[in-house]
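Peer 1: Chains as they are written, first to last, in the numbering used here: chain A, 1 to 388; chain B, 1 to 388.
Just so you know, not all the hints are guaranteed correct.
Note that identical chains are pooled: a pair holds if it fits in a single copy or bridges any two copies.
As the list claims (entries may be wrong) - Straight-line alpha carbon distances no greater than 25 Å define the calculated DMTMM-like cross-link-like pairs of lysine to aspartate or glutamate that follow:
id : residue 1 : residue 2
1  : LYS56     : GLU322
2  : LYS78     : ASP202
3  : LYS17     : ASP133
4  : LYS78     : ASP343
5  : LYS17     : ASP348
6  : LYS112    : GLU301
Worth flagging that the hints you see were computed from the coordinates, not collected in a lab.
Number of protein chains: 2
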Amino acid sequence: MINVDGFLFAGIHAGIKQKKKDLALIYAADGAEFAAVTTTNKFGAAGVQYTQALLKKTNMLQAVMVNSGNANALTGDKGIQDISDLLTSLGQSLPKINMNNSVLLSTGIIGKHLPIKTMTQALPSLAHSLNTDATPFAEAIMTTDLTMKTSIKTLDIDGRSIQIVGICKGSGMIQPNMATMHGFILTNAEIPSSDLRSWIKDIADSSFNRITVDSDASTNDTLMLLASGKGSTIPPSRQAEFRALLKEVAIDLAQQIIQDGEGCTKFVTFTVDHALNQGDARAIFFAVCNSPLVKTAWFGENPNFGRILCSAGKIESSLVAEKVDLWMGPHLLVKQGAVVPMDKAILDAYMKNRDLTFRLDLNQGSERFTGWTTDLSYEYVKINAEYN
Amino acid sequence: MINVDGFLFAGIHAGIKQKKKDLALIYAADGAEFAAVTTTNKFGAAGVQYTQALLKKTNMLQAVMVNSGNANALTGDKGIQDISDLLTSLGQSLPKINMNNSVLLSTGIIGKHLPIKTMTQALPSLAHSLNTDATPFAEAIMTTDLTMKTSIKTLDIDGRSIQIVGICKGSGMIQPNMATMHGFILTNAEIPSSDLRSWIKDIADSSFNRITVDSDASTNDTLMLLASGKGSTIPPSRQAEFRALLKEVAIDLAQQIIQDGEGCTKFVTFTVDHALNQGDARAIFFAVCNSPLVKTAWFGENPNFGRILCSAGKIESSLVAEKVDLWMGPHLLVKQGAVVPMDKAILDAYMKNRDLTFRLDLNQGSERFTGWTTDLSYEYVKINAEYN
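Here chain A stands alone, though its shape is the one from the complex (with noise of 0.2 Å):
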């Protein structure tokens, strides 16, 4: 049981995939003050465009509707025009909402326009089955994900209890750029929009701007903040306190996206260490967790780190090699850009672990990015060469 006091969730298979649940809805009677970044893909989904749209007309939403099975992305003006149809006929069975203040996100495949009969079809149930408990909507959001992600904070304010519910979805197409697949952070404090939109991108950089599986950013990344507004409203004084659970919460999401990695079989924390500056950092680290070869040798539990350093050397940045040390735990690998000489069986034996740990130090400079990545398995392959 998941809930956040202001919301009704719910969770159903409306027909858009075979069997499991694949269609979802948030739904704030009396509204949520919200916040959204969403994907830098010029592809970007018709529910990207309109939650776009939305956030320069309204503070507030009531609805929030998910579907799986179907991106709803390459779909031109049917797309947006699709999403109107099915809000307008959502409507129909909400006791009370403004339609400019709601909003269909999709996730799936690319390049098919929405089953709308289908859809429609199934919006009395949807709305009939409205519950406290978010557990449904969680569920209805997955596509390849084996497990639901969430992630629960609360806070003291005084003797009255603030909630925090993040509620994610991913595991391939994971390379988000300022936003990730779908993730929602829900809470009962009174908070205004304005403050959640500018928090929202520190939130998105702290946690899913760090994480890649794939190195594909989606078309249909989208991270929202919805703050109800039946709790509390947070003090000046514990508002770091509130922004600092707020980061967590996402960095907790992020990292399960990541343990949940198409085919994945490592969970890999990696950092570039003591670089001059942020951007050649960010850099190197996704340089490294995108390298196909450095992914193959993971999954081989293979210590073949010299594809680590290829890796970072292949791009343009300020990295001088006579400078990189590499370690892996415990164990330094490489000396000032010269490998040291170390018993195979050690590095053997650490690559078994599922948790794997690396840290890059360029010695240059006092800038440090941590981000978390997968393998690349067989599993991945056969996941991606199927789905259709």
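With the hints as your guide, set chain B onto chain A.
Peer 2: For chain B alone, kept in the frame of chain A given last:
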């Protein structure tokens, strides 16, 4: 039998690898004018650093020794000293040689020192086996390559034959940047190194800089042009023709690398057309052709072309989604950024071909970039999980 006047060749099993040929030599007793471009990777191998130093000191090479099975990368000062020691030892087995005009290039695993003793012992038999046939050389430079890669052209100048012979290796860790894995283009023409050096970048940019297997620019990429001068000079009226043949040989070799890409089952020709500038066209080509989601869909013969647009749209560029068309062979899949309804059976049938052709038309300018790439298969994962 592959030969070029003015050059002798050798390729033997020295014991760096368990069974296969692993040590190779090109020997031009009277010297050959040379040009080279090498990887831009920051962790350029010892052989790459050695080549760069030679380019500044001499226009002439006599011996190009190449080993496979060990990249001599991340090997610090010792890596350079090892090359110098091995070349000095080689000099004792060669009739007339200036050791300042020789080099050792390497490919194979990164982060291990060369097995100097094993290699030194093999040098007399390497020198002894020198012969006019380049075939053993072409075999001995292979690593995970399944096929030997050569390309031969001739040009008749006033009844005398100008030979152009290309030899290369490469299969994985392939996204050359300014150069390739190891490529050697030899000719008997009499050409000053200044001409070779002014042409080589254009040759690399037209061929090896247009391919990717897995996005990783190696630490060892080197392309070398060698001219023995045993044949004619090229009169000014025939120079354009001669340069075009050099380029054809380079393109042929680059395509052979893709045909033999690690684990590949598809040969994909991908064009980004009508871009505003070459930089964008090139960047979009690599964003698409390095996407694991695009490549696994090709492996699965799955016409999930939404992934192609997703990966094209994920990077910063001048692309405007609403202008983009996507063609697969003769089929228009996406028009002005929206999907074109199409019989899935037609798409499925096209995907069964080994050779696939895509054209992403940005409909903005007049720049075009065509390159070649592979799919991503179980076998790629297997090769690179196990390689050690």
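Peer 1: If a hint holds in the structure, say so; if it doesn't, say that too.
Peer 2: Evaluation of the provided hints:
Taking identical chains as interchangeable, the C-alpha atoms of LYS56 and GLU322 lie at most 25 Å apart only when they sit on different chains, with a minimum of 22 Å there against 50 Å within one chain. Within a single copy, LYS78 and ASP202 get their C-alpha atoms no closer than 34 Å, and across copies no closer than 46 Å, so neither meets the 25 Å cut-off. Taking identical chains as interchangeable, the C-alpha atoms of LYS17 and ASP133 lie at most 25 Å apart only when both belong to the same chain, with a minimum of 23 Å there against 61 Å between chains. In this assembly of identical chains, LYS78 and ASP343 lie within 25 Å of each other by CA distance solely across copies; the values are 20 Å between and 61 Å within a copy.
Within a single copy, LYS17 and ASP348 get their C-alpha atoms only as close as 42 Å, which misses the 25 Å cut-off; across copies the closest is 21 Å, which meets it. In this assembly of identical chains, the alpha carbons of LYS112 and GLU301 lie at most 25 Å apart only when taken from different copies (18 Å versus 39 Å within one copy).
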